[in-house]
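**Q** Work out the full structure: start from the sequences and follow the hints.
Keeping their order, the protein sequence lines are chains P and D.
Quick note: to get our numbering, add 1 to the position in the first sequence (first position is 1).
Quick note: to get our numbering, add 3 to the position in the second sequence (first position is 1).
Calculated directly from the structure, the hints in this document are not laboratory data.
For glycine and all other residues, C-beta sits at the position ideal for the given N, C-alpha and C.
Check the hints yourself; a few may be wrong.
Calculated pairs, EDC-like style, for lysine to aspartate or glutamate (alpha carbon to alpha carbon, straight line, at most 20 Å) [stated by the list, open to error]:
no.	chain 1	residue 1	chain 2	residue 2
1	P	Lys174	P	Asp233
2	P	Lys186	P	Asp269
3	P	Lys44	P	Glu192
4	P	Lys95	P	Glu227
5	P	Lys102	P	Glu192
6	D	Lys30	P	Asp269
7	D	Lys30	P	Glu251
8	P	Lys190	P	Asp180
9	P	Lys95	D	Asp13
10	P	Lys143	P	Glu238
11	P	Lys252	D	Asp13
12	D	Lys7	D	Asp51
Short derived list, chain P residues pointing at chain D, Cβ under 8 Å [what the hints assert, rightly or not]:
no.	residue
13	His15
14	Leu215
15	Lys242
16	His244
17	Glu249
Computed from the model, here is a short list of chain P residues facing chain D with C-beta under 8 Å [claimed, not checked]:
no.	residue
18	Met2
19	Ala3
20	Arg129
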Amino acid sequence: MARCSVCGSPAVAHIRYQRRYLCERHLIEYVESKIRRSMSRYKMVRPGYRVLVPVSGGKDSATVLAVLSRLSRETGFEVIALHIDLGIGEYSVKSKEASMKAAGKLGVPLVIVSVKEITGYTIPELARKAKRPVCSVCGLVKRYLINLVAMEIDADAVALGHNADDLAVYSMKSFITQDLSNLPKLGPKTESIPGLAVGRIRPLYEVYEKESYLYALLTGTPFLHEECPNVDFNSMENRLKVHINSLEEEKPGVKITMLRNMAKRIKDYPKPKLPISKCKHCGLLSSGDECSFCRLTRRITGRPLGPKAREAVRSLTSSLQLAPRQDSAYKS
Amino acid sequence: MGVKVRIVPDGRYLEAEPGVRALDLLKLAGMNSESGVVLVNGRPVTEDYRIREDDEVTVVRVLSGG
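**A** See the structure below:
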């Protein structure tokens with residue numbers, strides 16, 4: 002059996018692009034040091050920051066939450082977790098349980114927002130009513146609610162769980178469809194737009210999906226290893242994931258090389274063309290005078306539900322014990 | 004006697020002969036060393052590990068759908 006290249010204990014993983022075998026302890030250290038390096042290389046957080054971590058219950062957001070809750074004590078930033086209950090049957094019940102267990106174990110405050118409580122419908126019901134694919138409605142609602150909660154708690158950044166595999170695939174898809182102005186959105190960090198949207202950071206930018214799984218497993222961070230029942234394995238993204246990983250097996254390191262180089266070239270890609278404006282109903286980020294969440298809910302229920310969502314989230318987050326803000330000097 | 008191998012999260016099962024390498028199990032389950040991990044008695048093993056008769060073996064697909 003292979004031995005750890007650092008200490009000689011039995012190995013649990015072969016990091017092929019580094020030509021190293023690692024034992025449990027050194028794999029955990031390796032993933033943490035990789036995240037720490039990415040966070041400093043891409044200047045993701047500063048002391049005094051308030052970071053919102055949306056957790057789905059899956060391995061990637063569990064890993065982000067575990068590492069950030071540890072780093073937050075070292076660097077002096079604040080971490081708040083958010084779970085969105087999508088109402089996708091038993092899958093959402095288990096996802097919520099896993100999120101609660103992870104946040105509980107790590108001692109991170111958790112906000113739970115239910116799509117059904119806010120809109121009166123679950124995600125599958127909203128999709129049916131809107132006659133739109135369920136994954137597109139789900140993405141829209143999640144992006145909206147994540148930004149809304151981040152704005153309401155005055156967060157400085159939202160830490161997403163996208164790993165290197167996800168980002169390599171999204172980038173490849175943007176190349177294939179020549180949606181080049183999507184590429185700047187896939188970088189390790191996007192900036193906040195004051196009053197409208199909170200910027201995102203991706204601590205797992207250089208962490209492979211397999212490493213993220215092993216980290217969550219070996220640190221005993223609770224997570225749900227189950228697929229959403231709506232997942233389509235024949236989607237472009239999922240087919241690309243298979244192909245990129247065949248290439249990675251032949252050419253270890255290809256995913257990291259691609260992402261590191263992309264991060265350097267982001268400024269050279271075209272900026273998104275949509276104008277930045279404010280939704281007339283809810284006051285949050287929109288590309289026209291009505292944001293996509295208010296439009297979707299207006300078409301389904303007869304009235305835009307952004308303002309109601311803001312009120313509900315305000316009352317949900319009012320009981321959070323947030324660290325006092327020193328001043329706005331931290332904000333860039 | 005073959006070793007029963009559980010595939011997660013698909014819920015399928017495979018049967019493998021003792022002595023088979025973990026990497027071969029990944030291939031049998033339609034994965035490779037990037038997309039899957041083999042757990043023996045709940046702990047990850049490297050691809051060169053050879054399955055023993057009394058091992059409890061799980062092949063985990065680590066790539067999630069998106």
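**Q** Indicate, hint by hint, whether the structure satisfies it.
**A** Hint-by-hint comparison with the structure:
Between P:Lys174 and P:Asp233 the alpha-carbon distance is near 16 Å, which keeps this suggested pair within the 20 Å criterion. Proximity of P:Lys186 to P:Asp269 is assessed by CA-CA distance (about 13 Å); at most 20 Å being required, the pair is judged to hold. Distance restraint check for P:Lys44 and P:Glu192: the Cα-Cα separation of roughly 11 Å lies within the 20 Å cut-off, and the hinted pair is therefore satisfied. Taking the CA atoms of P:Lys95 and P:Glu227, the gap is near 9 Å; set against the 20 Å cutoff, the hint holds.
In summary, the hint linking P:Lys102 to P:Glu192 is not supported, as the alpha carbons are separated by about 31 Å, beyond the 20 Å threshold. For the given pair, D:Lys30 sits about 40 Å from P:Asp269 by alpha-carbon distance, which is inconsistent with the 20 Å threshold. Restraint check: the Cα-Cα separation between D:Lys30 and P:Glu251 comes to about 15 Å, which is no more than 20 Å; the hinted pair holds. For the hint pairing P:Lys190 with P:Asp180, the CA-to-CA distance comes to about 19 Å; that is within 20 Å, so the pair holds.
Annotation: proposed proximity of P:Lys95 to D:Asp13 holds, straight-line Cα distance about 17 Å (limit 20 Å). Only pairs whose Cα atoms come within 20 Å are accepted, and P:Lys143 paired with P:Glu238 is accepted, the gap being roughly 19 Å. The suggested pairing of P:Lys252 with D:Asp13 is violated, with an alpha-carbon distance near 28 Å, which exceeds 20 Å. Distance check on the hinted pair: D:Lys7 and D:Asp51 sit about 19 Å apart at the alpha-carbon level, within 20 Å; holds.
Below 8 Å, beta-carbon pairs count as interface contacts, and P:His15 has one with chain D at about 5 Å; its hint therefore holds. For P:Leu215, the interface hint holds, the least distance from its beta-carbon to any beta-carbon of chain D being 6 Å, beneath 8 Å. Taking 8 Å as the C-beta cut-off, the interface hint given for P:Lys242 holds, the closest approach to chain D being about 5 Å. Proximity of P:His244 to chain D is violated relative to the hint, the smallest CB-CB distance being about 11 Å (cut-off 8 Å).
At a threshold of 8 Å, the smallest CB-CB gap from P:Glu249 to chain D is about 5 Å, leaving the interface hint in force. The closest approach between the C-beta of P:Met2 and any C-beta of chain D is roughly 6 Å, which is under the 8 Å cut-off, so the hint is satisfied. The criterion of a C-beta within 8 Å of any C-beta in chain D is met by P:Ala3, whose closest approach is roughly 4 Å, and the hint holds. The beta carbon of P:Arg129 is not positioned within 8 Å of any beta carbon in chain D (closest approach about 21 Å), and the interface hint is therefore violated.
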